[in-house]
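Top line first, the protein sequences correspond to chains Y and X.
341 is the number that our numbering gives the last residue of the first sequence; the numbers go up by one with no jumps.
309 is the number that our numbering gives the last residue of the second sequence; the numbers go up by one with no jumps.
Derived from the structure by calculation, the hints contain no laboratory data.
Don't take every hint at face value.
[As the list claims (entries may be wrong)] No more than 20 Å apart at the CA atoms, straight line, and that leaves these computed lysine to aspartate or glutamate pairs for EDC-like:
1. Y:Lys-320 - X:Glu-85
2. X:Lys-255 - X:Glu-199
3. X:Lys-231 - X:Glu-172
4. Y:Lys-339 - X:Glu-172
5. Y:Lys-320 - X:Asp-89
6. Y:Lys-339 - X:Glu-85
7. X:Lys-202 - Y:Asp-269
8. Y:Lys-339 - X:Asp-89
9. Y:Lys-339 - X:Asp-216
10. X:Lys-204 - Y:Glu-330
11. Y:Lys-291 - Y:Glu-316
12. X:Lys-197 - Y:Asp-269
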Amino acid sequence: MNIDSIKNGIVIDHITAGRAMQLYEMLGLDGLDCCVAVIQNVPSGKMGKKDIIKVDSSIDINLDLIGFFSPNATVNVIRNGKIIEKAHIDLPERLVNIIRCKNPRCITTTEQEIKHIFVRTRSGEYRCLYCETKAN
Amino acid sequence: MRHIINILDLSVEEIEELMDTADDILAHPEKYNEVCRHKILATLFFEPSTRTRLSFESAMLSLGGQVLGFSDSGSSSSAKGESVADTVTIVSGYADIIAMRHPKEGAPLVASMHSRVPVINAGDGGHYHPTQTLTDLLTIRHEKGRFENLTIGLCGDLKFGRPVHSLIEAMSRYAGVKFVLISPEELKLPSFVKQEFIKDKGIEYKQSRSLDDVIGELDILYMTRVQKERFFNEEDYLRLKDTYILTTEKMKLARPDMIVMHPLPRVNEISTAVDDDPRACYFRQAYYGRFVRMALIMKLLGVRAK
């Protein structure tokens, strides 16, 4: 299967296989009016298989969100058909307004306009800043 | 400006300093009865807690300060839908320090993000209750004379019992401490508390469903109430509430110098007949609470006795 190369835009590569559609929705790519390609189960030497998202437009994307959902992903910025920047995504220290706390006793369930913040612990898991419930 | 949301907001040295101040207040209360003159404590209690609220208010009044506040959310603007952030923004213009209890976990942290004066967490749901822990620590220091080399049995609701989590966090910083976790399967200590504050620190611990089997090993028995308000399902509460009842018979199995602590209020988990045993120190524990809160208020307001 061939997907055309893009001239100006971004390519999110090495997405954990099966997560591209979820990431597509979380990044709000469904709201764009440019070409967006979601390619799933691409053969990969390192990963066995991977997903890729290509966006044919230069947009700002939330790297923390990508890092949380697919920590091995890379983001390539394309200008005039060439990669001008390649970002390896690390697990972010904090997730702000990316996921919500599911603890019904947490203040985030009732407090209006509060930022939903999760903090990465020493063991690498994310816990709600307010009630310390583990992110699911 | 400091806020105290979690007991770990205080270093071991700061805790020692608070204990020393509390001891001095106990010995010389007259030195302290004007140190907070013209200062105001706001007690914002979004859920009822007679003991903690009165202890805070008594502490501030004993320091010569004044108190304002409310004792349940029905008598506050939160009943009209006001956010914690807005309430605290307003109140921090009326008071010099705030003590807040709230049923939602993390509410005092939110308050501290919006307050212009120090916020003390007076209990947030099943989460933290640092001044209870300070009370517990002062009790241990008075009754046992040390924090090191103690075997501490924690009995009852270890899942929702916030004093238990905070006490483990605080005591895990001292050498030679060993924990004995006594609970039914459904109320076991949350795995992340066990991992972070016991296993990761290499602290010796054991788990038991039976109080009788382990009571003879303990220097301290910390009893807790199975709290009805923490259950979504009344059936579970009724099934678990009477799992452990400390009686004079069980006390015969304990060491002569073991102490029994309880954050109170108790329901029936300690028989009233145990109250006469000199090892029962839960009423002395409640008494100490006022003095350690006095010490904490002074520290956060930056005032000292002359």
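Hints, verified against the model:
1. Y:Lys-320 - X:Glu-85: holds, 17 Å
2. X:Lys-255 - X:Glu-199: violated, 34 Å
3. X:Lys-231 - X:Glu-172: violated, 24 Å
4. Y:Lys-339 - X:Glu-172: Holds, at roughly 18 Å.
5. Y:Lys-320 - X:Asp-89: Since the Cα atoms of Y:Lys-320 and X:Asp-89 sit roughly 15 Å apart, the hinted pair holds (cutoff 20 Å).
6. Y:Lys-339 - X:Glu-85: violated, 28 Å
7. X:Lys-202 - Y:Asp-269: The given pair, whose Cα atoms are some 30 Å apart, is violated under the 20 Å limit.
8. Y:Lys-339 - X:Asp-89: violated, 28 Å
9. Y:Lys-339 - X:Asp-216: violated, 34 Å
10. X:Lys-204 - Y:Glu-330: Roughly 18 Å between the alpha carbons, so the hint for X:Lys-204 and Y:Glu-330 holds.
11. Y:Lys-291 - Y:Glu-316: violated, 39 Å
12. X:Lys-197 - Y:Asp-269: violated, 29 Å
Hint check: violations occur at hints 2, 3, 6, 7, 8, 9, 11, 12; the rest are consistent with the structure.
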